[in-house]
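Protein chains in written order, with the working numbering: chain A, 1 to 299; chain B, 1001 to 1361; chain C, 2001 to 2273.
Simulated from the structure, these hints should not be mistaken for lab results.
Owing to the predicted nature of the structure, the values given are computational and were not obtained by experimental measurement.
Some hints here could point you the wrong way.
To be verified - As a list, the in silico BS3-like pairs of lysine-lysine whose alpha-carbon atoms are at most 25 Å apart: (1) B:Lys-1102 / C:Lys-2195; (2) B:Lys-1168 / B:Lys-1134; (3) B:Lys-1134 / C:Lys-2195; (4) B:Lys-1134 / B:Lys-1102; (5) C:Lys-2107 / B:Lys-1013; (6) B:Lys-1134 / B:Lys-1167; (7) B:Lys-1102 / B:Lys-1002.
Claimed, not checked - If you want the footprint, here are the derived chain A segments under chain C, 3+ residues with CB under 8 Å: (8) 221 to 235; (9) 279 to 287.
C-beta: ideal position from N, C-alpha, C; glycine also.
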Amino acid sequence: MTGMIAAASSGTADASYFARAERREAWSFALLALPGLVVIGLLLIVPVGWLFVLSFIGKDGGVSLENYARLAQPVYVITFVTTFQIAGIVTLGSILLGYPVAYLLSQLSPRAAAICMIFVILPFWTSVLVRTYAWLVLLQRRGLINSWLVSLGIINEPIPLVNNFIGTTIGMLHVLLPFMILPLYSSMKTIDGDYLKAASSCGASPMRAFWDVFFPLSRPGLFAGTVLVFILSLGFYLTPALLGGGRVSMWSMQIATNVSTYSNWGAASALGVLLLVVTIAILAALNKVFRVDKLYGGR
Amino acid sequence: MKVPVSIRGLSKKFGSFEALKDINLDIAPGEFVTLLGPSGSGKTTLLQVLAGFVTPTSGSILVAGEELLTRPPHQREIGLVFQNYALFPHMNVFENIAYPLKLRRLPRSEIETRVRGALDMVRLSQFIDRPVDKLSGGQKQRVALARAIVFEPRILLMDESLSALDKKLREQMQIELRHLHERLHTTTVFVTHDQREALTMSDRIAVINNGALIQFDTPRAIYDRPRTRFVADFVGETTFLPVELGTSGGASVFGTPLRLPDHAGAVAAAQSDSWLALRPEKLALSPAASPETNVNSFSAVARETIFQGDSLLVIAGFPDGQSIAVRLVPQEANRGLVPLPGQPIHINVHRNDSILVSGDV
Amino acid sequence: MLTAAASATQIRHYQRLWLYGLCALIFTFLIVPCVLIVPMSFSASNYLEFPPRAWSLRWYREFFDSAEWMDALWLSLRVAGLTTLIATPIGTAAAYGLSQMPERLTKPLRMSFLLPMIVPNILVAIGVFFVFARLGLNNTVTGLVLVGIMLALPFVLVTVSSGLQSFDGNLERAARSLGATRLQAFLTVTVPQIKSSIAAGALFAFVAAFDEVVIALYISSGENSTLPRRMFANIRDQVDPLVAAVSSVLVVASIVLLLIVQIAKRPEKGAAR
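Based on the sequences and whatever the hints tell you, model everything.
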C-alpha cells in the first residue's frame, strides 16, 4: 500500500552537478555587482590606497613615519581638538533639534507628516553649497540675523557670526540636521502607538510612558543618526571652508591646505589616512550597537 | 496532460540542516497528491525543488521518464500556484493569464481564446479586464489557478494555495479544485498543513515530517491505518494509550488484553514502542463493560462534558490519570449515555478501530 | 476610568503645545536659508541685502548672458546626465545581484558600496586628483563622470535595494515557472514593480553628480569648471547677488524635482496581497 520504492539513483544529475549549478548561480549574481565594485575600486580604493602609500614616504623618498610623527605638532593637535569639538557640538545640537522634530512627525497624521516632511526634505535636496552660501548671507555683519538682534535690542552693535567657530557650527548643523531626523523618524514610525496606550493603562504617566517605552524603542534611529552626523562632521570640508573664513581649522581643511598651499602630499596623506582610520574605528565601534547596513532599510 | 512523476533519493541540505532526507515518491499519471506536514517539515522545500527554485543536494526527479532537475525553472512546464497568489500587480486579469502564452509566442487570437477558456473554467469570465487589486481573495486565487493551467503544464503545483482564504471559501474552493482536477487530470502536487484539506482533496497523501517521508497512502488509509504516532496525531484528534507487549506476542492496555484487527496483527505489535491510537468519534460509552467479543472495553471515570454544537465531547480519565475524549452525536438516542462528572463508565472501541502505531515519528 | 483617560490625553495635548512651538522654530531654521536667497537674488544692488532696496532681474541676466556661467551649467548638466545614465543600471544590477545572494556574503559587499558615503570627500578628492594627474583625466568630462558614478552608486544601491526589499520575490518565481527566463522575469515583472525606486535612485544619482563640489575643486578648473565649482570660487572671492540668482535657480529646480517625486510616488502599487 505504501508507495515506498527502493532508491534507484539514476539519471543525468548527480550530486556534483547540483553543487556546480548552485555555485554557478551564486557567481552570476556576484557578477552583477562587479561593474559597481570595479568603479568603487578604481575611483576610491586605488586613490585612497595610493595616499596610504604616500603617507609612509618621507622627504628623501624612503619609507618613513615622519609624516605621522609631524601630526603631533601643536598646529595639528589644535586642528584635531577643533574638529572633535565642532563634530561633538553639531552632533549634540542635531540630537536636541532633531529628536523633537522626528517625534512630532511620527505622531502626526500621515497627511500632516507629509507636509511637515517638506521642511526636512527640501533642505536635504538643496545643494550644500547653496545652503552654506545662504548662511554666509544671513550671518554676515550686515546680515539679517545681526540686524534683527540689534533692532530687538539684544545686542548694541553687530557681532561677528561668520568666518568663525559659531558660523561654521551653525552652517554644519543646518546641513547635517536632516541626517539625524530621517533615520530617527523612520525608526519612530515603526513604534506601535498601542505600546504607549498599554503603558498608560498600566498606570504610567505620559512622560513616564515616553521614557520607559517610546525612547528605548527609538534608540536604533538615534544611534544611526548620531553615527551618521558625527562621521560626516569629522570629514566635512565645504561648510567650514566657506563659513570658517580661514580662522577655523578643521581636519579636512588641513588636508586641503597641505596639498594646495604647501604641496606637501606626504603630510596631507598622513592626515587623510588618520582621518579615515578614525572614521572607520568609530563606525566599527558603534557598529556593535547599531548596524550600518541598516541604512539599506533594516535588513 | 498525464505524466508520471517519480522522485528518487532526493535530499537537500542547508549547511548541516537536512531539509529533505532521501525522499522516494512515485506519483501516477494524473494523480492528485498532497504533501502534508507541519511547518518546517520540508514539504515546501520539496515543492521548490520540483519547481526549480531550490537545487537539491542529490537525487533525481523523473517526469515521464525524463530528468527534471537539469532543466531551468522556465523550461519545466510546471504550473505553480503560490500561497499569496503572486499575481502581477501591474497587469490586469487578462494580462496575467496571457503572460505564459505571450512568452510562448502564441498568436494573438489563440491567446485570446485560451485565456477566455481558462477564465471560463474558473468561472471568472466577467472579470477579464479587472485590475488584480480589485479582486477578492477567492477571485485572485482563481486567476492564479487559471494562469497556472492556461499553458497546459505537465504538472500543477500548489503551495498552501488555499490557506489565505476564510474557512467557508476554502471549503468551497477545495471542492472546485477537485472538480477541476477531474476535468483536466493534470498530475497535481498540493502542499498543505491542513489535514482536513488533504483528506478532502487528494488521491493520495504523502505525510512528511522532519524532511522525511513518513507515509504515502490514500486518505482513508492514512486516517484509518496511520503507521506512526506522528501520522495518527497529525491527521486527526487522537488519544494514545501505552501498549504492553506480552511474552506470548499478545498486546494489552492497562492490563486488558487487546482485540486487534486482523491486518494490524504483527506489523506494529512487533515494535517495542507501540501505542493504541483512539479517535474520539470511533468510541462509544456504556455504564458497564461491553460483552461483545469484537470490542475492547476500558473502565474510566467521566470528568466533564463539553457541548460543541454538532457533537458532545465527553472527557474521561483513566485510573493512571490520562484523559481521553469521546465524541457523541448529540441526538436523542444518546441522551441517556451522557455521564455526570465523577460517574464510572466504560469506553468501548471496535477491534477494527483499534489502531496500533509505532512510537517513532 | 474613562474620564481619567480623557483628561490624560488632554494634558498630553496641552503639554504638546511647547513641542509644536519648538518644532515650528526648527522648521524655520531648516527652511529659511533655502528660500531667503530667492528674494535677495532680485536685488538691484551690488551687495547682498535683505530686504533689497530696489528690485531687478540684473543678476539673472548676468548669469544667463555669461558664456562662462552657461558653459559651467551645461557641463554640470552633461556630467550629471551621463552619470545618471551609467550609474543607474550599474547600481540596479548590483542591488539585484546582492538581493539574490545569501546574506552572509552580501554584508561585506554592501559595506564596500557604502564607502563613497563614508570616506571623507576631501580624501577622495586629493586621491583622485593624484591618480587622474597620471592618467590625464583631470579637467575632462570623463573624469567628472567617473567620479560622479562612484559617488552616485551608494544612493542608487540603497534606494533600489529598499525597493527590492518590499518586492515580493514570489512574483519573479511565478514568472519563471510560467516560462520566463531570469532576464525576462526581471524585465517584465521585477522592473515594473520597482520602477519608482529605480527612478528615485536615478534622481539621487543626478543630484549627487550635479551638486558635487569638493572633488570638482581639484579635478575641474578653468574652462572645465562645473557650476558648483564656479559658484564656490565666486562665493569665496566676491559675495555678490549673482550666486544668489544661481542658487535660486537651483532651489527652484530642487522644489520641482521634489514635486515630481511626490507625484510619482502616489500611483505606486503595493505587492499583490
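Hints, one by one, checked against the model:
| no. | hint | result |
| --- | --- | --- |
| 1 | B:Lys-1102 / C:Lys-2195 | holds, 22 Å |
| 2 | B:Lys-1168 / B:Lys-1134 | holds, 21 Å |
| 3 | B:Lys-1134 / C:Lys-2195 | holds, 22 Å |
| 4 | B:Lys-1134 / B:Lys-1102 | holds, 23 Å |
| 5 | C:Lys-2107 / B:Lys-1013 | holds, 23 Å |
| 6 | B:Lys-1134 / B:Lys-1167 | holds, 21 Å |
| 7 | B:Lys-1102 / B:Lys-1002 | holds, 24 Å |
| 8 | 221 to 235 | holds (count 3) |
| 9 | 279 to 287 | holds (count 3) |
Checked against the numbered hints above, the structure breaks none of them.
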